[in-house]
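Enquirer: Spelled out from the first residue to the last, the chains are:
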Amino acid sequence: MRRRRWSIGTWVAYAIALVATLISLFPLYWLFVISTKTPREAFETPPQLIYVPDFSKYFEIWGQAGFADAYLNSIQVVALGVALTLLVATPAAYAIIRFRVRGVRYLRFWLLLAYTTPEFLFVIPMYVAYQQLGLYDTVGGLAIIYQVFAIPFAIWLIQSFLGEVPRELGDSARVDGASELQTLLKVYLPLAAPGLAATAILVGINMWNEVTIALSLTFDNARTVQIAVAGYRGYAAIRWQEMAAAAVMAVLPMIIFAGIAQRYIVKGLTFGAVK
Amino acid sequence: MTVRTRTRTRRRDRGVRFLVPAFVILAVTSIYPTLYSFFMSFFDWNWGQRFNFVGLQNYVDLVTGQHFRDTLWNTIVFTVSAVSVEFVLGLGLALVMTRLRFGQGLIRTLLLVPLMVSGIIVSVIWKVMLDPSVGIIGYGLHLLGLPRMGFLGDPAMAMGTIVLIDTWWQTAFVFIVLSAGVQALPIEPFEAAEVDGASSWQRFRYLTLPLLKPAILVVLMFRTVDCLKVFAIIYGTTGGGPLTTTESVQIMAYRQAFKTLNMSASMTTMVVFAAFALLVLVLYQRLLPTEEVA
Numbered sequence: 016m017r018r019r020r021w022s023i024g025t026w027v028a029y030a031i032a033l034v035a036t037l038i039s040l041f042p043l044y045w046l047f048v049i050s051t052k053t054p055r056e057a058f059e060t061p062p063q064l065i066y067v068p069d070f071s072k073y074f075e076i077w078g079q080a081g082f083a084d085a086y087l088n089s090i091q092v093v094a095l096g097v098a099l100t101l102l103v104a105t106p107a108a109y110a111i112i113r114f115r116v117r118g119v120r121y122l123r124f125w126l127l128l129a130y131t132t133p134e135f136l137f138v139i140p141m142y143v144a145y146q147q148l149g150l151y152d153t154v155g156g157l158a159i160i161y162q163v164f165a166i167p168f169a170i171w172l173i174q175s176f177l178g179e180v181p182r183e184l185g186d187s188a189r190v191d192g193a194s195e196l197q198t199l200l201k202v203y204l205p206l207a208a209p210g211l212a213a214t215a216i217l218v219g220i221n222m223w224n225e226v227t228i229a230l231s232l233t234f235d236n237a238r239t240v241q242i243a244v245a246g247y248r249g250y251a252a253i254r255w256q257e258m259a260a261a262a263v264m265a266v267l268p269m270i271i272f273a274g275i276a277q278r279y280i281v282k283g284l285t286f287g288a289v290k
Numbered sequence: 069m070t071v072r073t074r075t076r077t078r079r080r081d082r083g084v085r086f087l088v089p090a091f092v093i094l095a096v097t098s099i100y101p102t103l104y105s106f107f108m109s110f111f112d113w114n115w116g117q118r119f120n121f122v123g124l125q126n127y128v129d130l131v132t133g134q135h136f137r138d139t140l141w142n143t144i145v146f147t148v149s150a151v152s153v154e155f156v157l158g159l160g161l162a163l164v165m166t167r168l169r170f171g172q173g174l175i176r177t178l179l180l181v182p183l184m185v186s187g188i189i190v191s192v193i194w195k196v197m198l199d200p201s202v203g204i205i206g207y208g209l210h211l212l213g214l215p216r217m218g219f220l221g222d223p224a225m226a227m228g229t230i231v232l233i234d235t236w237w238q239t240a241f242v243f244i245v246l247s248a249g250v251q252a253l254p255i256e257p258f259e260a261a262e263v264d265g266a267s268s269w270q271r272f273r274y275l276t277l278p279l280l281k282p283a284i285l286v287v288l289m290f291r292t293v294d295c296l297k298v299f300a301i302i303y304g305t306t307g308g309g310p311l312t313t314t315e316s317v318q319i320m321a322y323r324q325a326f327k328t329l330n331m332s333a334s335m336t337t338m339v340v341f342a343a344f345a346l347l348v349l350v351l352y353q354r355l356l357p358t359e360e361v362a
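Chains as they are written, first to last, in my numbering: chain A, 16 to 290; chain B, 69 to 362.
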């Protein structure tokens, strides 16, 4: 910003930024290309950059019972899971910023630990427990186990959003006779609403994209969209077009949601650790 | 005085009430299964009638067997390589971005797109691009006059390829977090250093790096523990092969439990591995100033 004229350094910086952006986006563009070309066009050399996109594979896949069902399962898991996360994480985050909670350091370390634990430590025991409880291969079972990573993530984020609300507002509501619950609902929530919406989106993206747990705790009935996409890899012959079209349908909504919550993603990525 | 103390205690009680639902769910989903895994690691159980107390036998088998050593080594090689490459590229990009006159926001938004892709879809994308016979990367190499390569199917290249796939996927995480750190740097020390005639390397080495240290540690901590867990991008591409060249510990545990139904062996693997991951996490926590995380 100091020099007014464009130095070589600035040009080089733009060149690097351009290359990095192309590397980031090309694979996704290519996925889209494969999904909209006929098998013959998809792999001809040299590849044709200009072609008439053919979306028939998308309709074909959606017509196959398995994929549409898996897609709807994922929507249900995310809706149920995010609702549960917000319901319990919001009061917890409120308590952490507003009260002196004894041993809050240990609670925070527990959150970090739950968030970072390698999945199979808890997935295999939960597989056993879910078999006995009838929660194996159910949407509800998945929404519950996803709380392991969703609750820590949400508490961390919501805490930083509630912390931006001036403390005096809450205190004066208390003086006027509001209960703590009323203070949370009437004073804090309206002011932190955009942050809560962003939290819901980010938690939802994490749940939608989850693979390891879904692979182990679902089979057919509650199979998620990610596992359905994995299913197209096949053994004998990979069905490239179907696989690519399924992947595009699974990833596109997430990119749109990420665009909506963009402003908050930095906070979300770092647990609010870097301001 | 008494009134004040009383309200304080009451507030504390209320606080607990607000915390209970979240931490009860966390206890059921994290503490219960951990204790169960630990308990079962002293038994021999294969998801059937066989259920015998075997003491430390599972641990002895795990530690003396070649399989766990291989997968642990693979996991460590993957983690160290991926974290280093992603860190260098992410930090470089974060610093380069500060030189842009306009369009920083747009480029940052575009660069974080790969983070929104799931591990399975990342695998699908790279399987398509790296396919030895029809992949676009092979075609690109051919244009450059290079021979076609096996990538994921070549035992010598598979792990390196998975590291590169993870680099494509997760470098943006390092970049975004360090960008936030770079933007928060104070300007004065840098102006002073320039007046004093410090070279750009000196400014980087003695100002940027020390001032960014907390952000760098947070980034390295999250990337390291995340890489240790690596599962989806291996499951989706090589499945651990060729042979066992890309088999991570979590892939091993998955196979033990769901392919050979050796439940107690699988839980033993995870108990040992989670203890290792915990140790790494605690080491990072020691390096961090207390208020940063946890």
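Check the hints yourself; a few may be wrong.
Which chain A residues face chain B? A few, computed with CB under 8 Å, are given here [as the list claims (entries may be wrong)]: (1) T132; (2) A262; (3) I275; (4) Q277.
No wet-lab data here; the hints were simulated from the structure.
Every residue gets a Cβ at the ideal spot worked out from N, C-alpha and C, and that includes glycine.
Enquirer: Does A:I275 meet its interface restraint, that is, does its C-beta lie within less than 8 Å of any C-beta in chain B?
Expert: Violated, because the Cβ-Cβ distance from A:I275 to chain B comes to roughly 11 Å (cut-off 8 Å).
Enquirer: Taking the least C-beta to C-beta distance, is A:A262 closer than 8 Å to chain B?
Expert: OK, holds: A:A262 within 8 Å of chain B, min 5 Å.
Enquirer: With a cut-off of 8 Å, does the beta carbon of A:Q277 approach a beta carbon of chain B closely enough for the hint to hold?
Expert: 6 Å, holds
Enquirer: Does the closest beta carbon of chain B sit nearer than 8 Å to the beta carbon of A:T132?
Expert: 6 Å, holds
The structure shown violates just one earlier hint, number 3.
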